[in-house]
Amino acid sequence: MFTGIIQGIGTVSLLEKKNSIYTYSILSPKNILLDLSIGDSVSNNGCCLTVSKIKKNEITFDLIQETIKLTSFKKTKIGDDINLEKSISLSQGLSGHLMSGHIACTGTILTNDINEYNRKMYINIDNKSKIKYIFYKGYIGIDGISLTVSGIKNFCFCVDLIPETLKRTNLKNKKIGDLVNIEIDSNTQAIVNTVEKQLKKYRKLM
Numbered sequence: 007m008f009t010g011i012i013q014g015i016g017t018v019s020l021l022e023k024k025n026s027i028y029t030y031s032i033l034s035p036k037n038i039l040l041d042l043s044i045g046d047s048v049s050n051n052g053c054c055l056t057v058s059k060i061k062k063n064e065i066t067f068d069l070i071q072e073t074i075k076l077t078s079f080k081k082t083k084i085g086d087d088i089n090l091e092k093s094i095s096l097s098q099g100l101s102g103h104l105m106s107g108h109i110a111c112t113g114t115i116l117t118n119d120i121n122e123y124n125r126k127m128y129i130n131i132d133n134k135s136k137i138k139y140i141f142y143k144g145y146i147g148i149d150g151i152s153l154t155v156s157g158i159k160n161f162c163f164c165v166d167l168i169p170e171t172l173k174r175t176n177l178k179n180k181k182i183g184d185l186v187n188i189e190i191d192s193n194t195q196a197i198v199n200t201v202e203k204q205l206k207k208y209r210k211l212m
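Each residue of the sequence shown is one higher than the one before, starting from 7 at the first, in our numbering.
One thing to keep in mind: the hints can contain errors.
[Stated by the list, open to error] As a list, the in silico EDC-like pairs of lysine to aspartate or glutamate whose alpha-carbon atoms are at most 20 Å apart: (1) K24 / D87; (2) K92 / D46; (3) K178 / D86; (4) K181 / D87; (5) K23 / D86; (6) K134 / E202; (7) K83 / D184; (8) K36 / D86; (9) K159 / D119; (10) K59 / D41; (11) K59 / D46; (12) K178 / D166; (13) K75 / D184; (14) K92 / D68; (15) K83 / E22; (16) K36 / D46; (17) K126 / D166.
Hints listed in this document are in silico derivations from the structure and should not be mistaken for laboratory results.
Required output: the full structure, derived from the provided sequences and hints.
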């Protein structure tokens with residue numbers, strides 16, 4: 007599990023495909039490498055990946071085709087910045103909101119409205135069926151960052167990014183048309199699914 011509080015930014019150093027497995031490496035900051043072991047889980051732009059190799063300051067992960075299909079990794083290039091967070095332990099406090107690292111779909115950045123206080127980012131959700139799980143003032147994960155939805159219109163939603171969030175994450179470099187990974191809040195999804203199920207039962211009784 008993760009909290010959505012980014013601990014560092016890595017830089018993609020290797021992208022390699024062997025059969026159906028993609029090997030992917032990043033150059034990592036020192037705080038991520040501290041006490042990190044092969045087999046540990048690390049959130050990469052919100053996607054939970056397992057460490058397969060550590061060499062000096064380079065961490066390697068393996069990605070299956072399903073991961074590539076569902077996430078922005080299909081567009082990742084060498085030199086890209088990646089938001090990183092190590093998995094939490096039960097003894098740690100929770101600053102953001104609980105996140106699983108399971109990406110629901112991607113979103114496309116539509117606008118980047120900047121003022122002196124914050125940046126308002128509008129994102130179009132690529133899998134339209136997921137919009138029913140996104141609510142005003144609800145939690146959402148964007149590239150592994152715990153954020154609050156500040157508006158919804160059709161299949162588009164927006165989030166407000168304060169200067170500290172931009173400073174600590176890769177969102178400061180995102181441009182219109184870029185893909186971001188979206189994780190839906192699991193509690194919200196469970197409630198919506200339960201209500202829909204009960205409504206179907208009720209309609210059958212009518």
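Going down the list of hints, with the structure as the test:
Proximity of K24 to D87 is assessed by CA-CA distance (about 23 Å); at most 20 Å being required, the pair is judged violated. As the CA atoms of K92 and D46 are separated by approximately 8 Å, the hinted pair is consistent with the 20 Å bound. Only pairs whose Cα atoms come within 20 Å are accepted, and K178 paired with D86 is accepted, the gap being roughly 12 Å. The straight-line distance between the Cα atoms of K181 and D87 is roughly 13 Å, inside the 20 Å bound, and the hint therefore holds.
A C-alpha spacing of about 17 Å is found between K23 and D86, which places the hinted pair at or below 20 Å, so the restraint holds. Taking the CA atoms of K134 and E202, the gap is about 17 Å. The hint holds against a cut of 20 Å. About 12 Å separates the Cα atoms of K83 and D184, which keeps this hinted pair within 20 Å; it holds. Between the alpha carbons of K36 and D86 the distance comes to roughly 18 Å, so the proposed pair stays at or under 20 Å and holds.
A hinted pair counts as satisfied when its Cα atoms are at most 20 Å apart, and K159 with D119 qualifies at roughly 16 Å. Our distance criterion of 20 Å between C-alpha atoms is met by K59 and D41, whose separation comes to about 14 Å. Under the criterion of a C-alpha separation no larger than 20 Å, the hint pairing K59 with D46 is consistent with the structure, at around 10 Å. Distance check on the hinted pair: K178 and D166 sit about 12 Å apart at the alpha-carbon level, within 20 Å; holds.
Straight-line distance between C-alpha atoms of K75 and D184 comes to about 16 Å, which keeps the hinted pair within the 20 Å bound. Proximity of K92 to D68 is assessed by CA-CA distance (about 16 Å); at most 20 Å being required, the pair is judged to hold. Distance restraint check for K83 and E22: the Cα-Cα separation of roughly 11 Å lies within the 20 Å cut-off, and the hinted pair is therefore satisfied. With a C-alpha separation of about 16 Å, the suggested pair K36 and D46 falls inside the 20 Å cut-off, and the hint holds.
Distance hint between K126 and D166 is fulfilled; the C-alpha atoms sit about 5 Å from each other, no more than 20 Å.
The structure shown violates just one earlier hint, number 1.
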